[in-house]
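Participant: Take a look at the letters that make up each chain.
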Amino acid sequence: MTVADPDSVEARLRDIQSITDTALSGLDANRLLAELLERTRDILRADTAAALLLDFSSGQLIATAAAGLEEEVVQGVRIPVGRGFAGRIAAEHRPVVLDRVDHTSVLNPILWEKGIQSMMGVPMVAGGRVIGVLHVGSLTPRQFTAEDVELLQLAADRAAAAVQSMTAQADRVAVAALQRSLAPSALPVVAGAEMAARYVPGTGAVGGDWYDVFTLPSGELGLVIGDVAGSGLAAAVIMGRMRSALRAYALETRDPAEVLARLDRKMQHFEPDALATVLYAVLEPGLGLMRICLAGHFPPVVALPGRPAELARVAGGMMIGVIPGAERPVTTLRVSPGTLMCFYTDGLVERYGEPIDDGLARLRQVVTAESPDAACSAVMQALVGRESARDDIALLVVRRLAVPGPQAGLVTLGEVGAYA
Amino acid sequence: MPDARFPVQEVSGVPVVIAPEEIDITNAVGLRTALLESAARGHGTLVVDMTRTTFCDTAGLHALVAAHKRTLADGGQLLLVLAGQAVPRVFAITGLDRVIPHFASREEALAHALDGPLPST
Chain P
1 MTVADPDSVE
11 ARLRDIQSIT
21 DTALSGLDAN
31 RLLAELLERT
41 RDILRADTAA
51 ALLLDFSSGQ
61 LIATAAAGLE
71 EEVVQGVRIP
81 VGRGFAGRIA
91 AEHRPVVLDR
101 VDHTSVLNPI
111 LWEKGIQSMM
121 GVPMVAGGRV
131 IGVLHVGSLT
141 PRQFTAEDVE
151 LLQLAADRAA
161 AAVQSMTAQA
171 DRVAVAALQR
181 SLAPSALPVV
191 AGAEMAARYV
201 PGTGAVGGDW
211 YDVFTLPSGE
221 LGLVIGDVAG
231 SGLAAAVIMG
241 RMRSALRAYA
251 LETRDPAEVL
261 ARLDRKMQHF
271 EPDALATVLY
281 AVLEPGLGLM
291 RICLAGHFPP
301 VVALPGRPAE
311 LARVAGGMMI
321 GVIPGAERPV
331 TTLRVSPGTL
341 MCFYTDGLVE
351 RYGEPIDDGL
361 ARLRQVVTAE
371 SPDAACSAVM
381 QALVGRESAR
391 DDIALLVVRR
401 LAVPGPQAGL
411 VTLGEVGAYA
Chain L
1 MPDARFPVQE
11 VSGVPVVIAP
21 EEIDITNAVG
31 LRTALLESAA
41 RGHGTLVVDM
51 TRTTFCDTAG
61 LHALVAAHKR
71 TLADGGQLLL
81 VLAGQAVPRV
91 FAITGLDRVI
101 PHFASREEAL
111 AHALDGPLPS
121 T
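Chain order of the listed sequences is P and L.
So the first sequence is numbered by the working numbering: it starts at 1 and just counts up by one.
So the second sequence is numbered by the working numbering: it starts at 1 and just counts up by one.
Keep in mind that the hints are not guaranteed to be accurate.
Claimed, not checked - Short derived list, chain L residues pointing at chain P, Cβ under 7 Å: (1) Glu22; (2) Ile25; (3) Thr54; (4) Thr58; (5) His62; (6) Val65; (7) Gln85; (8) Arg89; (9) Thr94; (10) Gly95; (11) Val99.
Claimed, not checked - Simulated restraints on C-beta separations: (12) L:Pro101 / P:Leu251: 33 to 41 Å; (13) P:Ser165 / L:Ala40: 27 to 35 Å; (14) P:Ala177 / L:Ser105: 47 to 55 Å; (15) P:Arg83 / L:Ala40: 18 to 26 Å; (16) P:Pro324 / L:Glu22: 30 to 38 Å; (17) P:Asp102 / L:Glu107: 55 to 63 Å; (18) L:Glu107 / P:Ala382: 37 to 45 Å; (19) P:Gly59 / L:Arg98: 27 to 35 Å; (20) P:Gly306 / L:Glu10: 58 to 66 Å; (21) P:Leu311 / L:Glu22: 18 to 26 Å; (22) L:Arg98 / P:Pro188: 34 to 42 Å; (23) P:Arg254 / L:Glu107: 48 to 56 Å; (24) L:Ala4 / P:Thr253: 44 to 52 Å.
Stated by the list, open to error - Just a sample of chain P residues kept apart from chain L, beta carbon distances all over 10 Å, derived: (25) Asp55; (26) Gly84; (27) Thr104; (28) Thr167; (29) Gly288; (30) Gly306; (31) Ala374; (32) Leu401.
Keep in mind that the hints were calculated from the coordinates and are not lab data.
Don't be surprised by glycine CBs; every beta carbon is placed ideally from N, CA and C.
The whole structure should be built from the sequences, with the hints applied where relevant.
Facilitator: So, in structure tokens, the structure goes:
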């Protein structure tokens, strides 16, 4: 059976469009889909309609909304990509029409137990990726036509765009909440030191940048700054896990290389696709020495009173998430009174069409050994200005207060240990 | 379906993906898909020509590392062609220059791909 007249097809498509437009302002994704499915089912004169959304972490399609097939959603049906009817559509990225529904063609027993005779399904595609599958079924044998498939694809495209947009919006809200809950609400109060920090989400997508400062049972101070690759909720969730895992390892061992090695092993085992840069530094209780370990992260910019700021000479180490057992050199820096250290993520210094060294040079020019809050403001003013950056930016500034005494300066003592 | 943003050429059976000028969060997922598809089509070994790339942030590195791991798992290799200063600098800071083989020209990368033990034919 085909839809009668092209005008009415267009009119009905406009109906679908109008649902998604209204929905964007109010309805949540599930209710929007439910509404859309009912319209689609009516337009195609089918008996059932269902939408399964792809869960990227598990690679499964999850029944999210249905019309005439509510048990799919209620029972939480999950179909692995590549298997069964819906799984094949998602894997092959193309419509599939089934003239016979049984256990050989359809994985989900609900469909054939329900008595569905014929089915067609199309991928929901957003931003070039399959994000789900939309399918309709008929309780009487029926030959779905090319026009039917086309109509269903149009409905799926609109559903995909709406779902994507709402997911992105929900993600942004969730990520912002996550970022707020994870950023130290107040930096710890440490005798002899002052600190300040900034976090600014990028315009492209909120990402996985973070900073952390904590005191350790030894009386030492742990300083962390990191950047998880990726964006949105997925990156923010990984960032949250890394942040708390790093804190846990920091309690277990005083060696920053060992902390990052354990973090790396944990990430590679449990989140093998994750990639991040991390800087972890341990400042001794007197604040005079700092042991620092870089996992693919930029070294800090360091300023002494009355002297131009410099990029600290710190041995580099592999990013987190690349190879097992990477070498992790530790560099010990002497931190003389009045020294200010600026830790940052790549969003601060990377600009399109410009070498990173130019960004680093700009940062060095603006950093002075003043109050950390003033330094943060000056850095953000000079490197970010008024235009939001595309990438997110984290900035942490720590200054050892000046006390009377000899001005020794900052000296690289060299590597004191390496973890292999 | 090939992504027009990431042209793929084939030289003696080795796919060569031309990376764009800027790789960031807006196109990294597309690049990753293009790389994985090309890796699957060839013998597992893949060349990524980053000669014209002047910007590559962590999102871009993520795509490259994913392709590197996939090619290794398939018994192949990801070979990069790096030019200029910006990208080699990022590779040095992140440590990736010690893990992913890289060459100054496409010819050198291809010679390595064809002369090396891989791809097996």
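Participant: Hint by hint, say whether it matches the structure.
Facilitator: We went through each hint and held it up to the structure:
1. The restraint placing glutamate 22 of chain L at the interface with chain P holds, with a minimum CB-CB distance near 6 Å, inside the 7 Å limit.
2. Hint on isoleucine 25 of chain L holds. Least Cβ distance to chain P is approximately 5 Å, under the 7 Å limit.
3. Look at threonine 54 of chain L: its Cβ gets to within about 6 Å of chain P, closer than 7 Å, so that hint holds up.
4. At a threshold of 7 Å, the smallest CB-CB gap from threonine 58 of chain L to chain P is about 4 Å, leaving the interface hint in force.
5. At its closest, the beta carbon of histidine 62 of chain L sits 4 Å from a beta carbon of chain P; the interface hint therefore holds under the 7 Å criterion.
6. Using the Cβ-Cβ criterion of 7 Å, the hint placing valine 65 of chain L at the interface with chain P is satisfied: the shortest such distance is roughly 5 Å.
7. Hint on glutamine 85 of chain L holds. Least Cβ distance to chain P is approximately 5 Å, under the 7 Å limit.
8. Interface restraint check: arginine 89 of chain L against chain P, minimum CB-CB distance 5 Å, threshold 7 Å, status holds.
9. A hinted interface residue such as threonine 94 of chain L counts as satisfied when its beta carbon comes closer than 7 Å to some beta carbon of chain P; here the least separation is about 4 Å, so the hint holds.
10. Hint status for glycine 95 of chain L relative to chain P: holds, with the closest Cβ pair at about 4 Å, below 7 Å.
11. The criterion of a C-beta within 7 Å of any C-beta in chain P is met by valine 99 of chain L, whose closest approach is roughly 6 Å, and the hint holds.
12. Distance hint for proline 101 of chain L and leucine 251 of chain P: a CB-CB separation of about 39 Å, consistent with the stated range 33 to 41 Å.
13. Judged by the Cβ atoms, the range 27 to 35 Å given for serine 165 of chain P and alanine 40 of chain L holds: they are separated by roughly 31 Å.
14. For the hinted restraint 47 to 55 Å between alanine 177 of chain P and serine 105 of chain L, the CB-CB distance of approximately 48 Å keeps it satisfied.
15. Between arginine 83 of chain P and alanine 40 of chain L the Cβ separation comes to about 19 Å, which falls inside the hinted range of 18 to 26 Å.
16. Checked against the given bound of 30 to 38 Å, the beta carbons of proline 324 of chain P and glutamate 22 of chain L, roughly 31 Å apart, stay inside it.
17. The hinted window of 55 to 63 Å between aspartate 102 of chain P and glutamate 107 of chain L holds, with their beta carbons roughly 56 Å apart.
18. Taking 37 to 45 Å as the suggested C-beta distance range, the pair glutamate 107 of chain L and alanine 382 of chain P conforms, at roughly 43 Å.
19. Judged by the Cβ atoms, the range 27 to 35 Å given for glycine 59 of chain P and arginine 98 of chain L holds: they are separated by roughly 31 Å.
20. The supplied range of 58 to 66 Å is met by glycine 306 of chain P and glutamate 10 of chain L, whose beta-carbon atoms lie about 60 Å from each other.
21. A C-beta distance of roughly 24 Å is found between leucine 311 of chain P and glutamate 22 of chain L, which places it inside the suggested range of 18 to 26 Å.
22. Between arginine 98 of chain L and proline 188 of chain P the beta carbon distance is about 36 Å. The supplied range of 34 to 42 Å therefore holds.
23. Evaluation of the 48 to 56 Å hint for arginine 254 of chain P and glutamate 107 of chain L yields a pass: the beta carbon distance comes to about 50 Å.
24. Here the CB-CB span from alanine 4 of chain L to threonine 253 of chain P is close to 50 Å, well matched to the stated 44 to 52 Å.
25. Every Cβ of chain L is farther than 10 Å from the Cβ of aspartate 55 of chain P; the closest lies at roughly 17 Å, confirming the non-interface assignment.
26. At the 10 Å boundary, the C-beta of glycine 84 of chain P stays outside the reach of chain L, the nearest C-beta of that chain being 23 Å off.
27. Look at threonine 104 of chain P: its CB is around 28 Å from the nearest CB on chain L, clear of 10 Å, so calling it non-interface holds up.
28. The beta carbon of threonine 167 of chain P sits about 15 Å from the closest Cβ of chain L, which is more than 10 Å, so the claim that it is off the interface holds.
29. Taking the minimum C-beta to C-beta distance to chain L, about 27 Å, the non-interface status of glycine 288 of chain P holds against the 10 Å cut.
30. Glycine 306 of chain P, annotated as away from the interface, keeps every beta carbon of chain L farther than 10 Å; the closest lies near 29 Å.
31. No beta-carbon of chain L is positioned within 10 Å of the beta-carbon of alanine 374 of chain P; the least distance is around 28 Å.
32. Here leucine 401 of chain P stays apart from chain L, with its beta-carbon at least about 31 Å from theirs, past the 10 Å limit.
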